[in-house]
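There are 2 protein chains.
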Amino acid sequence: MAICITGVAGFVGCNLAERFLAHGHKLVGLDNFSRGSMANLKKASSSPLFLLDNVEMSDLKAYSAAIARMSAREPISEVWHMAANSDIPAGVKDVSTDFRDTFMTTFNTLEVMKEFGIPVLAFASSSAIYGDLKGAPMYEDTGPLFPVSNYGAMKLASEAVISAALESWLKRAFIFRFPNVVGTPATHGALLDFVRKLKRTSDNLSVLGNGTQQKSYLHVDELIDAMLFIRDRAEDRLNYFNIGAEDAGVTVKFMAEEVVANVSPGASITYGEGNKGWLGDVPRFVYSLDKLRALGWHPKLSSAEAVRLAVRQIAAQEMDR
Amino acid sequence: MAICITGVAGFVGCNLAERFLAHGHKLVGLDNFSRGSMANLKKASSSPLFLLDNVEMSDLKAYSAAIARMSAREPISEVWHMAANSDIPAGVKDVSTDFRDTFMTTFNTLEVMKEFGIPVLAFASSSAIYGDLKGAPMYEDTGPLFPVSNYGAMKLASEAVISAALESWLKRAFIFRFPNVVGTPATHGALLDFVRKLKRTSDNLSVLGNGTQQKSYLHVDELIDAMLFIRDRAEDRLNYFNIGAEDAGVTVKFMAEEVVANVSPGASITYGEGNKGWLGDVPRFVYSLDKLRALGWHPKLSSAEAVRLAVRQIAAQEMDR
Chain A
33 MAICITGVAG FVGCNLAERF LAHGHKLVGL DNFSRGSMAN LKKASSSPLF LLDNVEMSDL
93 KAYSAAIARM SAREPISEVW HMAANSDIPA GVKDVSTDFR DTFMTTFNTL EVMKEFGIPV
153 LAFASSSAIY GDLKGAPMYE DTGPLFPVSN YGAMKLASEA VISAALESWL KRAFIFRFPN
213 VVGTPATHGA LLDFVRKLKR TSDNLSVLGN GTQQKSYLHV DELIDAMLFI RDRAEDRLNY
273 FNIGAEDAGV TVKFMAEEVV ANVSPGASIT YGEGNKGWLG DVPRFVYSLD KLRALGWHPK
333 LSSAEAVRLA VRQIAAQEMD R
Chain B
33 MAICITGVAG FVGCNLAERF LAHGHKLVGL DNFSRGSMAN LKKASSSPLF LLDNVEMSDL
93 KAYSAAIARM SAREPISEVW HMAANSDIPA GVKDVSTDFR DTFMTTFNTL EVMKEFGIPV
153 LAFASSSAIY GDLKGAPMYE DTGPLFPVSN YGAMKLASEA VISAALESWL KRAFIFRFPN
213 VVGTPATHGA LLDFVRKLKR TSDNLSVLGN GTQQKSYLHV DELIDAMLFI RDRAEDRLNY
273 FNIGAEDAGV TVKFMAEEVV ANVSPGASIT YGEGNKGWLG DVPRFVYSLD KLRALGWHPK
333 LSSAEAVRLA VRQIAAQEMD R
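Top to bottom, those sequences are chains A and B.
Counting from 33, one number per residue, gives the positions in the first sequence under my numbering.
Counting from 33, one number per residue, gives the positions in the second sequence under my numbering.
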């Protein structure tokens, strides 16, 4: 039996694939390569355990045909649905992006799982479903849920259809509410933006917002540790967990300074106004990890340590380009 | 300026239209007549204040063209989006029903409102977004939100995209979380089923489930009172309210007995097993109305009184057929 990873060529998908392969699992990887790339799959695709298909998952017929092809070679026991739009500002500008790449891919994942009798779904949700709680803590059972971005809205909509499927035919689901994740291969995000900006103008880094915006960050290696831990230990039909760092996070100013120190020591930093970087961004939030801690997992790295490690990795990644 | 009602030929839409017209408002009514009917618009369509268009709102181009035509005759100041799938079991059987008729119509409503600069949306949401809380009370801010039907999932998804739109361009939104609503013109629901069954076999009424299932019911006239009250009084950018009866509700047994007493006195009633009528149905819930009461509105009729009134009205409706 194989595990299927959607969005396998993306940031989280490719790291997850390498981990499953290292554990000796057979893998079916799907991606439409709109944001993911073959370069991210250099390591995974060298494994004889890895099958890859290029498919547009928002197209139900194409998706179903791909699963039929793959299932014929190796039956699929569960789907890890990581495919999604990962660019929040892009989704604010054009609502069709999150609709197609986040929601429709989830809706269709459920349709093909039902068609092919695949009983277990693991889903990459997001802290963005909680919206802007003005600093109130985000527990897994917090309500109301009024996301402030189309990204968050389509993640919440995805959770909703998964929940309804559980009542009808789906056997088990794991919903992982991702925090801000850092690491490589970096494809987007503030750290990568900062590194690239500094490579263009090495004497100054210009930052959106006033730099006081604070968030917690988890390293992608730890994100995958946490998902596998939850998949292994959680015993409910519907298992939903916040995943994140255990501290209040670091500021944009801290991240900018770390990038400057690594990439172009001595460069000046100029800040904008306000504490929102873009529409749909939540300026400051407290993300509860009590539930995950009670299950027995906690991260080894603080937000600051995760950012420091990621800055070094991203700087090295961009050197190679 | 006109108010636009989508799903105007449906149960709630046609009652809402009559009320707005009685208050002297200009109205633009839209429906695809898949579940609604012209018969429901007999009264409304006789008014010179009423413009009607037959449009498939899940088709963005068609929807946009209809709003363009209508806006040319009368600019639209706000949209009351009542169009949706109203048949929960149908949506469990075929997920595309709620996806298309509930979610896509909302998604596209936002798209056309953005295109035509319409700043205010009133939306018919549902208690179904709360899922099965095992008897715990459903406050407006209750979480988590794990709906057990595609109907509830697509209402929650609709709330999510409305919330995201408010962060971006939408000026104000009113989210009405409907309870079980009774009245005429009845197009679906337990009371209509019971009346029709008894008209076919007048000596016995066969009921799904064991009859202990209990829900609160609001009469459609009071639902509209409540929506207009909220529209008038609530002052937030995002206003979201449970609307319902103030009591714990009545059982299916009570409803069956009321129908028998009105339609075919002396008929026997046979019950099935279990307290769920169908997949995706929530057996028993407590629906908090504290927030609406605090705003100053409460229903005049109890659930029992609303059901009694509706049974008489539905029996009369079915006599005429």
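Calculated directly from the structure, the hints in this document are not laboratory data.
The model shown is predicted, which means the values in this text are computed figures rather than measured ones.
Mixed in with the good hints, there may be bad ones.
Identical chains blur together in the list; that is why a pair holds if it fits in one copy or across any two.
[Stated by the list, open to error] DSSO-like cross-link-like pairs, simulated, lysine-lysine; straight-line CA separation at most 30 Å:
| no. | residue 1 | residue 2 |
| --- | --- | --- |
| 1 | Lys75 | Lys229 |
| 2 | Lys146 | Lys125 |
| 3 | Lys166 | Lys323 |
| 4 | Lys58 | Lys74 |
| 5 | Lys229 | Lys93 |
| 6 | Lys203 | Lys74 |
| 7 | Lys203 | Lys231 |
| 8 | Lys166 | Lys58 |
| 9 | Lys166 | Lys74 |
| 10 | Lys125 | Lys93 |
| 11 | Lys323 | Lys75 |
| 12 | Lys75 | Lys166 |
Violating hint indices (sorted, rising): 5, 6, 7, 8, 9, 11, 12
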